[in-house]
Amino acid sequence: MKNWEKYRLNPSLSKIQIQRAKIKDLIREFFKKRGFLEVETPILVKYPGMEPYLSPISLKFRDEKNKTYKGFLITSPEYSLKKMLAAGFEKIFEITKAFRQEESFGPLHNSEFTILEWYRMKADYFDIMKDTEELIYFLVKKLYKRDYFYYQNQKIDVSLPFQRISLKEAFLKFSGINLDKTKDINYFYKLVKEKGYEISKKEDQNDLFSLIFLNEIEPNLDKSKPVFLYDYPLYQGALAKRKSKKSFYVERFELFIGGLEIANAFSELLDYKEQLKRLKEEQKLRKKLKKEFIEIDKGFIDALKLGIPPTGGIALGVDRLEMLLLDIKDINELLPFPAKQMFHD
Amino acid sequence: MVSTSEFEKGMVIEVDNEPYLILDYQFVKPGKGTAFVRTTLKHVKTGKVIEKSFRSQERFEEMDLDYKKATYLYSDRQNSVFLDQNNQRISIPRSLTESKIPYLKEKSEVQLVYLEDELIDVKIPIKIKLKVVEAPPAIKGDTVTGATKTVTLETGLKINVPIFIKEGEEIIINTETGEYVERA
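Chains as they are written, first to last, in my numbering: chain A, 1 to 345; chain B, 346 to 529.
There are no misleading hints in this set.
Listed below are the simulated DMTMM-like cross-link pairs for lysine to aspartate or glutamate, each with C-alpha atoms no more than 25 Å apart in a straight line: (1) B:K387 <-> A:E216; (2) A:K202 <-> B:D361; (3) B:K445 <-> B:D409; (4) A:K340 <-> B:D369; (5) A:K141 <-> A:E38; (6) A:K83 <-> A:D297; (7) B:K474 <-> A:E5; (8) B:K445 <-> B:D466; (9) A:K195 <-> B:D361; (10) A:K142 <-> A:D330; (11) B:K377 <-> A:D204.
Pulled from the structure, derived: some chain B residues nowhere near chain A, Cβ distances all over 12 Å: (12) L418; (13) Q430; (14) K445; (15) I446; (16) P447; (17) P481; (18) L502.
For the record, the hints were derived by calculation from the structure and aren't laboratory data.
Don't be surprised by glycine CBs; every beta carbon is placed ideally from N, CA and C.
Build out the structure end to end from the sequences listed, making use of the hints.
Below, the structure is given as structure tokens:
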């Protein structure tokens, strides 16, 4: 049975959609109160994000003279929002749709999803961390009139402040690995191999990092309170600023609630030369991975060239946040029209 | 060899030279680097449940399973008892059948799953037919809103169904989701 048919049979299920609308209203209320401007940027673009491991959906369309154009659906509104920053908007947010393919129809993924991004000029990732915990606290308080909620029988306490653990601390504590030393890939490889993982020399630092992170770090995070993991090694943050000029760490954090990854934030990389260099590297890696060629968005580089003051920014998965707040385990039960029910079943 | 994209619940794979039954799996995509698949695995012999994440390109030895048809008889506090095709009674600890008992009635057909002659799992059909033994009468007017009501099935299972289902009717249940599918 499709979800919309279930609502007809069981009106109590329709409440999910009413609650989702309320959550989006509250998000808007939160940002507007704090002086953020809601902006609208395109979903259909000429230049999508270039992250080598993400696959944007490409499409063709025609104008009235039958001329064909190639476009992409965004994987995130980031490039457009950074152009808005360059245009002079200092505090902006957007709730929009984003698309990614080559992902499963599993309980945490839908090829079309809702993303919330916000950017704050003259701020860094720690300021964004504060916005984030205040937003979550505000939502829980408004929905439940208390400072905790339950997700799959786990009580989650959202009183402020949330837990903050650097990746370096977390790796040392849960896996015994000193992240500083993972700069040397051969050494990192040896460490992981000694732990008994079957790996080949083809593995890059990101694969080794994820292997340890998913098996030894993430399962051990405290689920009774939201956790910010911050300061990622350089290889984990193409769009983030380094902590200092030569630091091995970048100013990036992720938020985990009840074991779910909810948001990813940076002190934005605004140095156009460094950004161009990293995008060219990503283009090369895409080629190596046999991914579709994507041109570099020169407008994005030009926007950075104009100069943007230090800015913190974040992308938050709205569907996942709704799943948490409404205690729903499977995204296919959250959405009225999940892709799985349209394309898969 | 099977790749992670061929994973299915109920498949038995070899991990670190030990046989594990796949209870659940989920694809995870870290922002950077290749995709992973997070699995919940049950050690076939010890019953220990573990979580493990593998890179999606990893390949595994799939263990051959034997399936034998049997029919359900009854469960007591410790065991569920089945009758195999040679009319042999087979007793299985409830730990393997607990989640399935609510869908089983006497003579329900199941498949006993063996790994190297050892019974490791009981498989029941995804869709099963059960009779409604107790249903509150529909209240006039409710049919317009299409509300649901809770009925009791012959196995004792309580389930939500559309309001038009009556006592004595047979309905189809999805045993994976535990939901009503349609009138039989």
